[in-house]
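Participant: This is what each chain is made of:
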Amino acid sequence: MKELTHLERLEAESIHIMREVAAECEKPVMLYSVGKDSSVMLQLALKAFYPSKPPFPLLHVDTTWKFREMIAFRDKTVKKLGLELLVYINSEGVEQGVGPFSHGSAVHTDVMKTQALKQALDKYGFDAAFGGARRDEEKSRAKERIFSFRSAGHRWDPKNQRPELWNIYNTKIAKGESIRVFPMSNWTELDIWQYIYKEQIKIPSLYFAAKRSVVERDGMMIMADDDRLPLQPGEKPVAKMVRFRTLGCYPLTGAVESNAATLPEIIQETLLTTTSERQGRLIDHDQSASMEKKKQEGYF
Amino acid sequence: MSHQDELIATDILAYLDAQEHKSFLRFITCGSVDDGKSTLIGRLLYDSKLVYEDQLAAVEHDSKKSGTTGSKPDLALLVDGLAAEREQGITIDVAYRFFSTDKRKFIVADTPGHEQYTRNMATGASTADLAIILIDARNGVQVQTRRHSYIASLLGIRHVVVAINKMDLVDFSQHAFNSIEAEYRSFAEDLDFEEIVFIPMSALDGDNITRRSERCEWYDHKTLMEHLETVEITKARNDCGFRLPVQWVNRPDLDFRGYAGTIAAGTVKLGDEIIVTPSGQRSKVKAIVTQSGELEEAQADQAITLTLEDEIDISRGDLLCSKGNPAEQSDQFAAHLIWMNENMMFPGRQYLLKTNNQLVSATITELKHKVDVNNFAHEAGKTLALNEVGVCNISLAKPIAFDPYKDNRHTGSFVLINRQTNETVGVGMLDFSLRRAANVHWQALEVGKPERATQKHQKPAVLWFTGLSGAGKSTIANFVEKKLFDLGRHTYILDGDNVRHGLNNDLGFTDADRVENIRRVSETAKLMSDAGLITLVSFISPFRAERQMARALMDDGEFVEIYVNTPLEVAESRDVKGLYKKARAGELENFTGISSDYQPPRHAEIEVNTVGTSAEQAAEQIVDYLTEKGYLLVR
Numbered sequence: 105m106k107e108l109t110h111l112e113r114l115e116a117e118s119i120h121i122m123r124e125v126a127a128e129c130e131k132p133v134m135l136y137s138v139g140k141d142s143s144v145m146l147q148l149a150l151k152a153f154y155p156s157k158p159p160f161p162l163l164h165v166d167t168t169w170k171f172r173e174m175i176a177f178r179d180k181t182v183k184k185l186g187l188e189l190l191v192y193i194n195s196e197g198v199e200q201g202v203g204p205f206s207h208g209s210a211v212h213t214d215v216m217k218t219q220a221l222k223q224a225l226d227k228y229g230f231d232a233a234f235g236g237a238r239r240d241e242e243k244s245r246a247k248e249r250i251f252s253f254r255s256a257g258h259r260w261d262p263k264n265q266r267p268e269l270w271n272i273y274n275t276k277i278a279k280g281e282s283i284r285v286f287p288m289s290n291w292t293e294l295d296i297w298q299y300i301y302k303e304q305i306k307i308p309s310l311y312f313a314a315k316r317s318v319v320e321r322d323g324m325m326i327m328a329d330d331d332r333l334p335l336q337p338g339e340k341p342v343a344k345m346v347r348f349r350t351l352g353c354y355p356l357t358g359a360v361e362s363n364a365a366t367l368p369e370i371i372q373e374t375l376l377t378t379t380s381e382r383q384g385r386l387i388d389h390d391q392s393a394s395m396e397k398k399k400q401e402g403y404f
Numbered sequence: 002m003s004h005q006d007e008l009i010a011t012d013i014l015a016y017l018d019a020q021e022h023k024s025f026l027r028f029i030t031c032g033s034v035d036d037g038k039s040t041l042i043g044r045l046l047y048d049s050k051l052v053y054e055d056q057l058a059a060v061e062h063d064s065k066k067s068g069t070t071g072s073k074p075d076l077a078l079l080v081d082g083l084a085a086e087r088e089q090g091i092t093i094d095v096a097y098r099f100f101s102t103d104k105r106k107f108i109v110a111d112t113p114g115h116e117q118y119t120r121n122m123a124t125g126a127s128t129a130d131l132a133i134i135l136i137d138a139r140n141g142v143q144v145q146t147r148r149h150s151y152i153a154s155l156l157g158i159r160h161v162v163v164a165i166n167k168m169d170l171v172d173f174s175q176h177a178f179n180s181i182e183a184e185y186r187s188f189a190e191d192l193d194f195e196e197i198v199f200i201p202m203s204a205l206d207g208d209n210i211t212r213r214s215e216r217c218e219w220y221d222h223k224t225l226m227e228h229l230e231t232v233e234i235t236k237a238r239n240d241c242g243f244r245l246p247v248q249w250v251n252r253p254d255l256d257f258r259g260y261a262g263t264i265a266a267g268t269v270k271l272g273d274e275i276i277v278t279p280s281g282q283r284s285k286v287k288a289i290v291t292q293s294g295e296l297e298e299a300q301a302d303q304a305i306t307l308t309l310e311d312e313i314d315i316s317r318g319d320l321l322c323s324k325g326n327p328a329e330q331s332d333q334f335a336a337h338l339i340w341m342n343e344n345m346m347f348p349g350r351q352y353l354l355k356t357n358n359q360l361v362s363a364t365i366t367e368l369k370h371k372v373d374v375n376n377f378a379h380e381a382g383k384t385l386a387l388n389e390v391g392v393c394n395i396s397l398a399k400p401i402a403f404d405p406y407k408d409n410r411h412t413g414s415f416v417l418i419n420r421q422t423n424e425t426v427g428v429g430m431l432d433f434s435l436r437r438a439a440n441v442h443w444q445a446l447e448v449g450k451p452e453r454a455t456q457k458h459q460k461p462a463v464l465w466f467t468g469l470s471g472a473g474k475s476t477i478a479n480f481v482e483k484k485l486f487d488l489g490r491h492t493y494i495l496d497g498d499n500v501r502h503g504l505n506n507d508l509g510f511t512d513a514d515r516v517e518n519i520r521r522v523s524e525t526a527k528l529m530s531d532a533g534l535i536t537l538v539s540f541i542s543p544f545r546a547e548r549q550m551a552r553a554l555m556d557d558g559e560f561v562e563i564y565v566n567t568p569l570e571v572a573e574s575r576d577v578k579g580l581y582k583k584a585r586a587g588e589l590e591n592f593t594g595i596s597s598d599y600q601p602p603r604h605a606e607i608e609v610n611t612v613g614t615s616a617e618q619a620a621e622q623i624v625d626y627l628t629e630k631g632y633l634l635v636r
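Same order as they appear, the protein sequences are chains A and B.
All the letters of the first sequence, read from the start, carry residue numbers 105 to 404 under this note's numbering.
All the letters of the second sequence, read from the start, carry residue numbers 2 to 636 under this note's numbering.
I should point out that these hints are in silico values taken from the structure, not numbers from a laboratory.
Please note that the accuracy of each hint is not assured.
[As the list claims (entries may be wrong)] Cross-link-like lysine-lysine pairs, in silico, BS3-like; alpha carbons within 27 Å at most:
1. B:K450 with B:K285
2. A:K157 with A:K222
3. B:K450 with A:K151
4. A:K302 with B:K23
5. B:K23 with A:K106
6. B:K23 with A:K306
7. B:K287 with A:K106
8. B:K270 with B:K287
9. A:K306 with A:K183
10. B:K104 with A:K106
11. A:K302 with B:K285
12. B:K583 with A:K157
13. A:K157 with A:K306
Owing to the predicted nature of the structure, the values given are computational and were not obtained by experimental measurement.
Looking at chain B on its own, in the form it has when it is part of the complex (with noise of 0.2 Å):
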């Protein structure tokens, strides 16, 4: 089966010494459907013997049936791995494969070329360090050879082998073989290549894979094996200082806690210190954990445990970084986005944003523009639809720690996942981070939220209170203010009204500004519960969606929606500030319950009747369950 019969056969121990210090390379093969492309990746197995004979005697079969090679067995069946490919002849999945030499172990990410596959190709090319293109030798630079080497750029791929395929079509011509080269080194100039090779060959033949072709003595370089048993490729990637993204939180037992995850950059040695995001703390790695044994350093790749001096909080989605060195932290990015999913991408809807163990809400808040992968224009646009790729702003619904795209593929990778759906509906490259502040780092403080709150013998809580105009709202809210006053407990309220006077009295009653509304009164609550207090909001609150928007910012726990339900028909009848008798006589637009939508909460924490249940009573129910809850400590 393989390459080293011989040394196998004669001194296996020898041999297998041998094979542990092989090094790696995964790359992807790119071409359009009668370039050769599967045929290729076949020839690579079979020249490197790893086709077995029953797997030979059933392509020999298949080749009778619907090759398309002739008397030549048809490699390219070896590869297409599908039924319904096999029936079209053509390659719709991305396949990898596996194949080695005596110096390197490859992963082929086998990938369709068609304009409609180019999420597929996205997918192979986001594992591989170099991609091969497939040239027709008769047809030279075409559309798709500008798509693929576009793709395999923005997903960082650095190295590209250029390959000339179909030369015994054309002779063995050098001139076309030049003028190919030529016309591809032109526009290339335009993308992020180190190096880029080029190769006459003939897959189907075998000239210049593994063998060198007798019948282009004009091309004295490497074969294409040869290039890939020793290309180097670049370690300048990923080198942005030590990045280890916490995947898990170890703790098998008091005495220990540990933090796997596997790391994204640089080295980390014993006695290193390191820095935490978001939150700023520091400390110094004690020990790098595996089962066989304690490290003395670990490097990029390598799925580690580490064991820190201090004891201090941290959890999944952390990332740990080079003291020196920290990654950015940002809510507001420019990023480049491939859409890959039939239903468009809107700015404005809803995704959650995946990155590595980072999960958090997000909006795309601006398609800048698209991108035409097949000349590289910049297109207006509005919407993404699949396959296309965009440059987007996106905003999150807390800070995430990342490095660049070009620095760290890593920590600079995001995916965009369909919240109803569950389906990868685009991924993204974060390019820089859009707040200007984003090199400022989160000072780590010496008091925190828990100090702050168990000075105040109570646990941070923010009480919305959301219901009709009129409900009966701020009365109930003074109440219970008022009963926590009286036990000693730390608060403050935010009322709808009075927080127009200030803060938001450059906001009014469009649909945007009520959506800055809550964002600004759900920001300062986070501050008051930052600072330990029990924050009372007022506010009419009427969609859903603004009051998840508010829960998702608190901690955990933290947020106590509390649904004043009063029917319409008793808040009209009170209507303290005649307000109903206005929005009645047609003096005031959108006003909710009248001419817009209440949206009561489903799963309130609280719910009170204020028909039949006097305003006091009600604070009642809501101080008893905050004392039944734990929000009030024992002192």
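Pulled out of the complex, with its shape left as it was, chain A reads as follows (with noise of 0.2 Å):
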């Protein structure tokens, strides 16, 4: 037979992944975030347990910014495929007021995403979370297990990871602990291209390039999704040909000029371009061991 390709190979262990926490976790749930890398995810899921839907439901926590289309794709794709969806929304937050203008991005991403995660899981009692987090993205991830252990407070210890070898994934927790799954740990950002490619998976229009309204700020171009955007004295939306390369809250996901309007031109574009993915994410930038710190938090 033909020797596998890599891409085959990055699938079968996802979806061997999948498999194993649906059949020894009590309640697993996948965080369904939208985005290229959820869209893929959620591919593999329904390959995974095809022709049986997955057996869990998916999560999305709304931190109330998101793009406009994101909640629309959302709510399209999960109707068309015919999947629970459990969309969480952290109301002491929403109560406050909290958003990335009045309270800054640490704030708001805090209350609004890594705390409303966190009261999610609890409130259903989830015991496993499927997250669409690799290892290429950021240097604290390399080092992350595929089954990562959160105690009951959701701490990670970087320090305190159960060894993984082979393909034997150990599951077993207390009550009150979880674990977050990453089924695509060892997937880089050119696979999940490729794979949208290949399996033409549909992904938010956002990721291609088109006209599209923004003011320039702190060097980052942000959209104008809706009228909550305070204009600064002297700026002005002005029209681009710009897309995204990930997708979040809009105030906090800088767009990046480009022509890139089909899947080839993107891959292409991500190919040539000479800085990384997450550049475009604020929350990174704040020191250089960030991530890894949010992560101990809760942070997905």
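Two independent chains are provided; combine them into the complex using the hints.
Facilitator: Quick look at the structure:
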């Protein structure tokens, strides 16, 4: 038989991980953030359990500042596939009016994303949560296990990770503890794009270049997705051909100027680009070990 | 960013097409703190143009702060991930790196070199097909070189690259290179490698990594990258016939029953005859189901779903094998063990053993010897401490299907889990079965347990009466049996005293003999259950652990623990056999309730109180329970 290609191997590894969780964990959930990685993860889940549907719901932690198109895309996708979707919003944060402009990106991300996720996992009592994180994204992720254990307070202890050998995963946990499972740990950004291309996976159009209304701020291009974007003196939205390399809260996600309007063009641009993917995200810049700290505190 | 800039820019579709067919290699790098391992990986990433400008700028910034390379950018900073590691300048944990060239995609497990991180190296090696072992040209073969080589060999890596690094510091001396090669080859004879390649290099400057060095013209073989791109990983391993460990049973509706799993070895085609271990049932492959259509055939490492021609009972943990070449099964093994936890391994302690999809109770019955990972010497020992390697005998609560690790990594490996903390405390590689009958496969019988039980209009059960001597266990058991007999059910009583006259007449009352006593009775009860009988076991069985052992042996719902609760004063006042009197007089040692503990059940299915309840009433209570729970089928 023909030797398996690297994408086929990655796909099989991810499917194996998902099935293991379905077989061994009591109440798993898949975190669905609507981005390209989530789209690939969802496709892998559909494959893993076919002809059954994935035996777990999807969970979207909505910070209320996501691009409007993300929400529309999310609802359309789950409806078409007939899957169960749970949406969680930190209502305390909403009551206190927490947002990226009033409270800054760090507080906003902590309250509306990190805390919200913990609340959601506690509320439903999930003992395992799939995430789409990859080891190539960031240095501390490179050392995280595929099955990553969280204490009852959702903390990650990088010094106390379980040995993970072969494809044998120890899923035993005590009451209150949980596992974050990263089935795409070994994928790279390029693998994700190639797979989307090969499998023709639908992703939000925000990834494709189009004329969009943006303001330039602190060297980033912020899209005016709704009227909550306060304009500072001298700022004026201008229409530019832009696209997004990652999707998140629109005020925290910088656009890049681009003409790439098809998948091959996006891949082409990604391959020829000279800065790494997370640069478009504000939260990684704070300090060089910031992601590791956030993860210890429960950020996915 | 990447290697084929031109093709990407001019014809992205052609590029994508070429990318689709790239092959894949997982390797591990091992070396000591100062051998330049992180620098080597940083160099591979840098030279394959996978370092982004912002990353490189960050490294240049950090190099000034904490770098160790003077004016050159410290490429090791690209890979040392965790904050603590950056501060201490050492690599603590396994980190995985990704890079690719035009020909291959690579995953590198970057593992630490210190002896106290043996477990991390084993982790990285478990999924790798090739090891790069770094040697500092100035120091030659070191103790840690032997250790890294031993662990690589133990974990089943067959291809090794000995990277003789820092050649710039010995003026690229061919003599230095040759003598290191000779020394390495001589000790590696004891190891299980198929191919060893030696490459002189300087990771810091990039000599012979991707670029041929101009400083050592005497070396005319491949650069490291050329070798990594072209090395052929032998397929001989994992070649023990088709193996599909059933991971998940897929039942979307009554019409579809699929067995999902990742193929651990071999290939499978439509119509292939398969045998299920451990049941021994046979069938043929009806379809290989995937979301993108049915396949004609599938091979090792693919995650598939199979359907079979026959409706047979298969569940998670079963292993589907090619008919002509099924896996062995056993519950007693010799295995190599690497200990991974601060709490030591003690023979006799119970652990959970997890293989690919099977989870069973396990005890290490004997540590045959420890292995000194630095010189491969065998040493006597009673325990294994963190990072120690040993050869052990292991006993399981029930047989598992397996292949020796040297034949198949996926069906020959296991991890050990601490039952209290849930930590993974050890990992192992199965060498061989200790039972001579290992190759005798269970005969799949036409008439099975369900058929036998249905014929008798009952569900098999083991009614386990526990309680003090004189509590009334045997009396109640006799009444229960009589009632069941009158109802036309099929029963048998195993009574403690009676069994000791025959089957167990070679056993005394030491702790070890008591455990063996219970074990034999449990196994006998299990056979009777298999025959479809309702078995009544009347045994003091004072310890929870033993009763748990008996329970674990039976199928779910089959074990019914009945606590015959009689206060000691009452039992002693009855003293039907005069034993309490003897025990009080000191004539009987280890007498339960007097000089030895009785541990009452915490979650007995039935508890009967013999004070105020007659034996006959207690028997009625038990028969009612059996009726209610469906053990006695309506005729």
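Participant: Taking the earlier hints as the rules, which of them does this structure contradict?
Facilitator: Result: hints 3, 11 and 12 break, sorted rising.
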